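Chains as they are written, first to last, in this note's numbering: chain A, 1160 to 1271; chain B, 1073 to 1186.
Hints listed in this document are in silico derivations from the structure and should not be mistaken for laboratory results.
Values in this document were obtained by computation on a predicted structure and should not be read as measured data.
Be a bit skeptical, because a hint or two may be false.
What the hints assert, rightly or not - Within a straight-line C-alpha distance of at most 30 Å, the following computed BS3-like cross-link-like pairs (lysine-lysine) qualify:
| no. | chain 1 | residue 1 | chain 2 | residue 2 |
| --- | --- | --- | --- | --- |
| 1 | B | K1086 | A | K1161 |
| 2 | A | K1201 | B | K1081 |
| 3 | B | K1143 | B | K1129 |
| 4 | B | K1086 | A | K1201 |
| 5 | B | K1143 | A | K1201 |
| 6 | A | K1161 | A | K1201 |
| 7 | B | K1086 | A | K1215 |
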Amino acid sequence: QKEVEQNSGPLSVPEGAIASLNCTYSDRGSQSFFWYRQYSGKSPELIMSIYSNGDKEDGRFTAQLNKASQYVSLLIRDSQPSDSATYLCAVNPSGGYNKLIFGAGTRLAVHP
Amino acid sequence: NAGVTQTPKFQVLKTGQSMTLQCAQDMNHNSMYWYRQDPGMGLRLIYYSASEGTTDKGEVPNGYNVSRLNKREFSLRLESAAPSQTSVYFCASTRDSAPPDTQYFGPGTRLTVL
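This is chain A alone, in the form it adopts within the complex:
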């Protein structure tokens, strides 16, 4: 059974701080990794995708991938109350043809 694990949270951070969200996956052959943001009652929307080991930055967001450790993370700098949402980690397993496996999500709360 291919799995994606996330801490359910809530992760509470003050406004302006760095929020760090973590995800581990079981399929060592996985090649692509995604972070989705989901506001309460809404559908998921893609924030970041990452395919290679290392860091990928996009504005206030940085995705980090370590395939040897089977670990992917999302850093949110200068956190804002509008970042309060559930963040879903998704992994495309080997041979997956984009049949993503999602973690249960981490709820982030940014307080003023």
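Model the placement of chain B on the given structure of chain A, informed by the hints.
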């Protein structure tokens, strides 16, 4: 562009009733997906369609059937609804199934089975 649309937004069924959830996309995407989302369990793939005329099972296909009517539309049918199918259902589409591509999600259908 409307993106991915789903109907209905909300539905209440009695055990044993049937219904079809509709999904359409106007982005000329090849691949379409049906997921369910339950509290604390994330999204789980029910069925997907890599192209018009093809469908395949995902992680949790039991109790569901699908039809890829044309390139735009992908429907999900519950033949005999059960309380365990109470969930939020999301349709998604992507340009290609391989290599991995961004999935765009519809607004969801909130289904309650009594």
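Now the hints, each set against the structure:
1. Restraint check for K1086/B and K1161/A: the C-alpha separation of about 34 Å exceeds 30 Å, so the hint is violated.
2. At most 30 Å may separate the alpha-carbon atoms for a hinted pair to count; K1201/A and K1081/B meet this at roughly 11 Å.
3. At roughly 18 Å between alpha-carbon atoms, K1143/B and K1129/B fall within 30 Å of each other, so this suggested pair holds.
4. Taking the CA atoms of K1086/B and K1201/A, the gap is about 25 Å. The hint holds against a cut of 30 Å.
5. A C-alpha spacing of about 25 Å is found between K1143/B and K1201/A, which places the hinted pair at or below 30 Å, so the restraint holds.
6. Of the pairs offered as hints, the one joining K1161/A and K1201/A holds, with about 26 Å between alpha carbons and a cut-off of 30 Å not exceeded.
7. Taking the CA atoms of K1086/B and K1215/A, the gap is near 48 Å; set against the 30 Å cutoff, the hint is violated.
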